[in-house]
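Could you build all of it, start to finish, from the sequences and the hints given here?
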Amino acid sequence: MGGDDGEAAAREGAATHFGFRSVPEGEKAGLVRGVFTSVAARYDLMNDLMSGGVHRLWKDAMMDWLAPRDGQRLLDVAGGTGDIAFRFLRRAPAAAAVVCDMTEAMLAEGRKRAEAARLADRLEWVQGDAMALPFADAGFDVCTISFGIRNVTRPGAALAEAFRVLRPGGRLMVLEFSRVAPEALAWAYDRYSFNVIPAMGRAVTGDRESYQYLVESIRRFPDQERFAAMMRDAGFGLVKYRNLSFGVAALHSGWKL
Amino acid sequence: MTGAGDAAPAGDPPAGPGAGEDARGFDRRMLEALVCPVTHAPLRYDAERQELVSRTAHLAFPVRNGIPILLVSEAREID
Numbered sequence: 021m022g023g024d025d026g027e028a029a030a031r032e033g034a035a036t037h038f039g040f041r042s043v044p045e046g047e048k049a050g051l052v053r054g055v056f057t058s059v060a061a062r063y064d065l066m067n068d069l070m071s072g073g074v075h076r077l078w079k080d081a082m083m084d085w086l087a088p089r090d091g092q093r094l095l096d097v098a099g100g101t102g103d104i105a106f107r108f109l110r111r112a113p114a115a116a117a118v119v120c121d122m123t124e125a126m127l128a129e130g131r132k133r134a135e136a137a138r139l140a141d142r143l144e145w146v147q148g149d150a151m152a153l154p155f156a157d158a159g160f161d162v163c164t165i166s167f168g169i170r171n172v173t174r175p176g177a178a179l180a181e182a183f184r185v186l187r188p189g190g191r192l193m194v195l196e197f198s199r200v201a202p203e204a205l206a207w208a209y210d211r212y213s214f215n216v217i218p219a220m221g222r223a224v225t226g227d228r229e230s231y232q233y234l235v236e237s238i239r240r241f242p243d244q245e246r247f248a249a250m251m252r253d254a255g256f257g258l259v260k261y262r263n264l265s266f267g268v269a270a271l272h273s274g275w276k277l
Numbered sequence: 056m057t058g059a060g061d062a063a064p065a066g067d068p069p070a071g072p073g074a075g076e077d078a079r080g081f082d083r084r085m086l087e088a089l090v091c092p093v094t095h096a097p098l099r100y101d102a103e104r105q106e107l108v109s110r111t112a113h114l115a116f117p118v119r120n121g122i123p124i125l126l127v128s129e130a131r132e133i134d
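If you read the sequences in order, they're chains A and B.
Residue numbering for the first sequence follows this note's numbering, starting at 21 and increasing by one per position.
Residue numbering for the second sequence follows this note's numbering, starting at 56 and increasing by one per position.
Some clues are possibly wrong.
[What the hints assert, rightly or not] A few chain B positions that, by computed beta-carbon distances, are all more than 12 Å from chain A: (1) 110; (2) 113; (3) 125; (4) 129; (5) 131; (6) 134.
[Unchecked claim] Below, a sample of chain A positions facing chain B; criterion: calculated Cβ distance under 8 Å: (7) 145; (8) 146; (9) 149; (10) 273.
[Claimed, not checked] From the derived model, a few chain B residues whose C-beta atoms are all more than 10 Å from chain A: (11) 120; (12) 121; (13) 132; (14) 133.
Just so you know, these hints were derived from the structure itself, not from any lab.
Where is the CB? At the ideal position from N, CA and C, for every residue including glycine.
In structure tokens:
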């Protein structure tokens, strides 16, 4: 991604994490976009391979808890290739969805899938920033962020934006990697993550570094309780979470009361 | 979508598949949902330049292949 940004970094001051690397805050979005542009074409395949198809169960669990209804308007933030939006529309044939993502390549992939699935006319695709959503206040009934928020430079800002664009009574549901609690399981999960996933990434997509970023970024992200607190800080009420696969992933739900 | 008794907004042609889409499928109806990410003001669609203009922010955001690109980093500064 960029060349030497030492001076810019000094000016910008704040540093953040990009996986286990430390990077100036202003750089992170570009780095993330680089990762997802690189993986976009094989994104869905890699998800299946890395999780043994289990990510589909997690996304189905998200839909079960969400209980989509006809007439609802969904904003799927960092929605990438549209996995969540598609599921939502299948469950609620008279609902509508907007997919917003920072990475053009992911949206382009998603739109291709939508055309193939014949859902194209109920989906809108917008390239935008989760921290500065290009939508008016209170226009959506439901907001989802699935495996996206840990990539956002300032997750708190994304939560505040989700709160803003939801109508009163609206709901936010976040699906994200989280902390595995049972220690023996955590050890096995770490071994799998750090030994298998980057190598799989290189074998399937030729890109080891993006998958190294993936497994590192998971460790950097707040745990279940901490993320629930962040949602409350953003104004959400009735914040609850459910672990999936012993905490490998978690669903967080909150309401704009 | 349309039916007897629906009042069409003044000046719009009758709705139908593809109505309001340009070049590579940017649907003008979507325009109603989008606002400037900086000021939250409404945007004006410039079909010729394929841009969404935010006068309040002095930015013009591109539309590529029918996808609006509402990132400040991709916008063109205007007067």
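So, going through the hints one by one against the coordinates:
no., hint, result
1, 110, "holds, 15 Å"
2, 113, "holds, 16 Å"
3, 125, "violated, 4 Å"
4, 129, "violated, 8 Å"
5, 131, "holds, 15 Å"
6, 134, "holds, 21 Å"
7, 145, "holds, 5 Å"
8, 146, "holds, 5 Å"
9, 149, "holds, 6 Å"
10, 273, "violated, 24 Å"
11, 120, "violated, 7 Å"
12, 121, "violated, 8 Å"
13, 132, "holds, 17 Å"
14, 133, "holds, 17 Å"
Consistency note: the structure conflicts with the earlier hints numbered 3, 4, 10, 11, 12.
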